Amino acid sequence: AQSVTQLGSHVSVSEGALVLLRCNYSSSVPPYLFWYVQYPNQGLQLLLKYTSAATLVKGINGFEAEFKKSETSFHLTKPSAHMSDAAEYFCAVTPGGDSSYKLIFGSGTRLLVRP
Amino acid sequence: ETGVTQSPTHLIKTRGQQVTLRCSSQSGHNTVSWYQQALGQGPQFIFQYYREEENGRGNFPPRFSGLQFPNYSSELNVNALELDDSALYLCASSLPSGNYNEQFFGPGTRLTVL
Numbered sequence: 001a002q003s004v005t006q007l008g009s010h011v012s013v014s015e016g017a018l019v020l021l022r023c024n025y026s027s028s029v030p031p032y033l034f035w036y037v038q039y040p041n042q043g044l045q046l047l048l049k050y051t052s053a054a055t056l057v058k059g060i061n062g063f064e065a066e067f068k069k070s071e072t073s074f075h076l077t078k079p080s081a082h083m084s085d086a087a088e089y090f091c092a093v094t095p096g097g098d099s100s101y102k103l104i105f106g107s108g109t110r111l112l113v114r115p
Numbered sequence: 116e117t118g119v120t121q122s123p124t125h126l127i128k129t130r131g132q133q134v135t136l137r138c139s140s141q142s143g144h145n146t147v148s149w150y151q152q153a154l155g156q157g158p159q160f161i162f163q164y165y166r167e168e169e170n171g172r173g174n175f176p177p178r179f180s181g182l183q184f185p186n187y188s189s190e191l192n193v194n195a196l197e198l199d200d201s202a203l204y205l206c207a208s209s210l211p212s213g214n215y216n217e218q219f220f221g222p223g224t225r226l227t228v229l
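Note that the protein sequences, when read in sequence, are chains A and B. 1 is the number of the first residue of the first sequence in the numbering used here; add one for each residue after it. 116 is the number of the first residue of the second sequence in the numbering used here; add one for each residue after it.
Because the hints were derived from the structure by calculation, they are not lab data. Any given hint could turn out to be false.
[Unchecked claim] Here are a few chain A residues that face chain B, going by a calculated C-beta distance under 10 Å:
no.	residue
1	Asn-41
2	Gln-42
3	Leu-46
4	Leu-103
[What the hints assert, rightly or not] Taking beta-carbon pairs under 7 Å as the criterion, some of the chain B residues facing chain A (in silico):
no.	residue
5	Ala-153
6	Gln-156
7	Phe-160
[Claimed, not checked] Covered by chain A, according to a simulated footprint, are these stretches of chain B (three or more residues, beta-carbon under 8 Å):
no.	region
8	170-180
9	218-224
Quantities reported herein were computed from a predicted structural model and do not represent experimental measurements. The C-beta atom is built at its ideal place from N, Cα and C for all residues, glycine as well.
Model the full structure from these sequences, guided by the hints.
Here is the structure:
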């Protein structure tokens with residue numbers, strides 16, 4: 001069965017520091033992968049997506065992620081954290097095939113940005 | 116272009132009651148998915164509707180049911196509410212596109228069951 005694991009329920013960085021949020025997936029077919037961000041009391045906003053084109057994906061707000069098939073990973077990075085990046089981040093996978101209609105989410109990582 | 120909207124924003128019910136949540140899809144989108152997000156967890160897929168038919172269902176009991184209307188808006192109905200049904204319910208709309216499934220989410224309805 002497909003699944004997503006996000007290592008670290010909380011990540012704390014200083015403003016200006018590198019942001020690294022980890023995501024590993026399990027999928028028996030080539031997946032489509034997504035990162036979503038959720039600000040307090042809001043829905044989910046798509047940051048970026050991998051759809052089997054370039055393995056390095058650039059998204060909004062300076063975020064990017066690299067698909068590494070050998071490591072089954074899709075980690076999210078940003079070179080320099082900003083206070084406005086503080087939010088909950090979710091990695092998700094679309095399994096493809098007959099189950100292509102649903103997104104399977106990880107449990108989320110809360111990013112805290114220290115001044 | 117109008118995004119995904121949901122109503123109501125917040126709702127309080129008591130155990131055993133029934134609730135209906137509503138969702139209007141983004142303009143041009145004919146597929147609607149519903150997710151349940153319990154506190155501190157990631158969203159869990161409930162079901163999806165495409166052209167007024169259920170197009171897939173997650174691991175939720177039959178007391179969770181839905182409808183999609185000709186204008187692609189949708190309802191989520193939950194009968195016999197339980198305390199564990201307390202959650203943020205998210206609606207997402209999309210275009211059917213094979214294996215590529217970019218979904219656009221609404222702000223959610225916060226349901227509290229007492």
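Verification of the hints:
1. Asn-41: holds, 8 Å
2. Gln-42: holds, 6 Å
3. Leu-46: Holds - the Cβ of Leu-46(A) comes within 10 Å of chain B, reaching about 7 Å at its closest.
4. Leu-103: holds, 6 Å
5. Ala-153: violated, 10 Å
6. Gln-156: holds, 6 Å
7. Phe-160: This hint holds: Phe-160(B) lies near chain A, its Cβ roughly 4 Å from the closest one there, short of 7 Å.
8. 170-180: holds (count 3)
9. 218-224: Holds, because 6 residues of the region 218-224 of chain B bring their Cβ atoms closer than 8 Å to Cβ atoms of chain A.
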